[in-house]
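If you read the protein sequences in the order shown, they are chains G and L. Numbering (this note's numbering) for the first sequence: 3 to 285. Numbering (this note's numbering) for the second sequence: -17 to 158.
Misleading hints may appear alongside valid ones.
What the hints assert, rightly or not - Derived lysine to any residue pairs resembling SDA-like cross-links, with alpha carbons at most 20 angstroms apart:
#: 1; chain 1: G; residue 1: LYS257; chain 2: G; residue 2: ARG188
#: 2; chain 1: L; residue 1: LYS(-13); chain 2: L; residue 2: ALA30
#: 3; chain 1: G; residue 1: LYS257; chain 2: G; residue 2: ASN179
#: 4; chain 1: G; residue 1: LYS257; chain 2: L; residue 2: SER110
#: 5; chain 1: G; residue 1: LYS257; chain 2: G; residue 2: ASP242
#: 6; chain 1: L; residue 1: LYS76; chain 2: L; residue 2: ALA30
#: 7; chain 1: G; residue 1: LYS257; chain 2: L; residue 2: LEU118
#: 8; chain 1: G; residue 1: LYS81; chain 2: G; residue 2: ILE49
#: 9; chain 1: G; residue 1: LYS257; chain 2: G; residue 2: ASN198
#: 10; chain 1: L; residue 1: LYS(-16); chain 2: G; residue 2: SER40
#: 11; chain 1: L; residue 1: LYS(-16); chain 2: G; residue 2: GLY220
#: 12; chain 1: L; residue 1: LYS(-16); chain 2: L; residue 2: VAL(-6)
#: 13; chain 1: L; residue 1: LYS(-13); chain 2: L; residue 2: VAL127
#: 14; chain 1: L; residue 1: LYS(-13); chain 2: G; residue 2: ILE49
#: 15; chain 1: G; residue 1: LYS147; chain 2: G; residue 2: ARG168
#: 16; chain 1: L; residue 1: LYS(-13); chain 2: L; residue 2: ILE131
#: 17; chain 1: L; residue 1: LYS(-16); chain 2: G; residue 2: THR10
#: 18; chain 1: G; residue 1: LYS257; chain 2: G; residue 2: ARG243
Simulated from the structure, these hints should not be mistaken for laboratory data. These numbers come from a predicted model, not from an experiment.
Residues per chain, in single letters:
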Amino acid sequence: MVSTRRRTGYMLLVVILGHIILISSQAGSTSAAGTLESFTFGVFSEIQRSLSSVLGGLRGMWGGYIDLRNVEIENQVFKEEIDQLQVQLQHQRAIAEGTQDLQSLLDLQTETDLPTVSARVIAADATPWFRTLTIDRGSQDGLRKDLAVIAPTGVVGRIMETPGSRAAKVQLLIDRNAAAGALLTRTGAVGVVTGNGNDGNLSLSMEYVSNLEDVQYGDVVVTSGIEGIYPRRFVIGHVDRVEEGSGLYKIIRVKPVVYFPGLSHVLVVMTESPPGSMVVGTE
Amino acid sequence: MKIMKVGIALLVALGLQTTLVGFTFGGNVRVDLVLVVIVYIALRAGPAVGLWTGTVGGITQDVLSGGIIGVGSLCKTLVGFLVGVAGSRFMFTKPTHCFMIFFGASMLHTIFFLGIYGILEFRFLNFSTTMVSEGLTNAVVGVVVFQLIEFGGIRDRLQMRHRGSGSVKRWLRGWI
């Protein structure tokens, strides 16, 4: 008869083997665990939605009944208007900057009306190792993989994987696996902004900027749109630290303009990928 | 019944992790409530239950977080098993002991995680101070959870025995 200790040992071996097979099955394929993922995400997003509603209700009791309720509703309307206006302002600034380039001017004719869908954040990271959010809009609202997600102040991230019917997972730009094409507005130097997900201070890195480029503290970093996900010239952040790299490229740390822990509402940009743009893997 | 309790504990931890922690701590302080629950259950129920709790909790977190499914789960399975083995051989009753086991388990989890991702991504991932602070936060939360639950159990026993305040004093002395 097999002792309990030995049986547990066998169980551990079987479980480890199962994990190795599961991890291996995802190598080179993003859809191997798709069914499991979409099922679990679908179920849990409903729980998160309910929890979020309960929490929202509790907040509402504090904010709505104890404070002046009408003032809060009015404030909410104004806040949404301000959000929309700030997005418009960003877009107008993008248009103004784009006029320097004739090609940009032509592109902007199609980009003037940036269609967006507003969404509420219903859940944050499930683990401290990754930086993701869950929003209350899904495929039934027209959301699909790789749509850009923005906030009034700047870029938030992108929809990762195929969304559930009523919820979608957003990979934040600060996630360790996230990346976006970027450029410095002052000099036009291009690079790639990547997340420092394991970093406690929620910063970004700008990579592949030559040591020969002039980069200064405070330079504004915007999206270049080269990856075909994010709209062009939307603000990512400001250069927080810059050092000469030992190789060909500078070491640049970027402070994002979006305060990620404070996000409660976001906008999903409902555009097709710009024609001719190159999609780079960010997973 | 035990499976249901474990399931509910994991569900509550995941719910709190995704709806409260991310917003409350503002991203500056990291805590892994699922890991805390796994370590607690492994300590109380042994290696087999710790192993399966780690697998289920880890895989759910992996699915929700967007990383490679199975990496976090494998780390939590190993941690659950090892803590379960330790829990079945040694007594962890004092807060200092609990703190050590929760902190050690968090660090072990971090090492496994960095190691597996390092192998998969062919690069060396640095161990940062944020990870140590996460371990400390996990340990503090773990000790609080452990003591709160244990306190409830001991208090109930004390009430049943009608021993009076002397036992409470002894129990309080045991904390330090």
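The hints, checked one at a time:
1. G:LYS257 to G:ARG188: 16 angstroms, holds
2. L:LYS(-13) to L:ALA30: 15 angstroms, holds
3. G:LYS257 to G:ASN179: 17 angstroms, holds
4. G:LYS257 to L:SER110: Measuring from Cα to Cα gives roughly 19 angstroms; hence the hint holds.
5. G:LYS257 to G:ASP242: 6 angstroms, holds
6. L:LYS76 to L:ALA30: 24 angstroms, violated
7. G:LYS257 to L:LEU118: 26 angstroms, violated
8. G:LYS81 to G:ILE49: The given pair, whose Cα atoms are some 28 angstroms apart, is violated under the 20 angstroms limit.
9. G:LYS257 to G:ASN198: It holds: about 11 angstroms lies between the C-alpha atoms, which stays within 20 angstroms.
10. L:LYS(-16) to G:SER40: 28 angstroms, violated
11. L:LYS(-16) to G:GLY220: Answer violated: LYS(-16) (chain L) to GLY220 (chain G) is near 56 angstroms, above 20 angstroms.
12. L:LYS(-16) to L:VAL(-6): Holds - the C-alpha atoms of VAL(-6) (chain L) and LYS(-16) (chain L) are around 15 angstroms apart, at most 20 angstroms.
13. L:LYS(-13) to L:VAL127: OK: LYS(-13) (chain L) and VAL127 (chain L) at ~15 angstroms, within 20 angstroms.
14. L:LYS(-13) to G:ILE49: Answer holds: LYS(-13) (chain L) to ILE49 (chain G) is near 18 angstroms, not above 20 angstroms.
15. G:LYS147 to G:ARG168: 14 angstroms, holds
16. L:LYS(-13) to L:ILE131: 14 angstroms, holds
17. L:LYS(-16) to G:THR10: 18 angstroms, holds
18. G:LYS257 to G:ARG243: 9 angstroms, holds
Checked against the numbered hints above, the structure breaks hints 6, 7, 8, 10, 11 and satisfies the rest.
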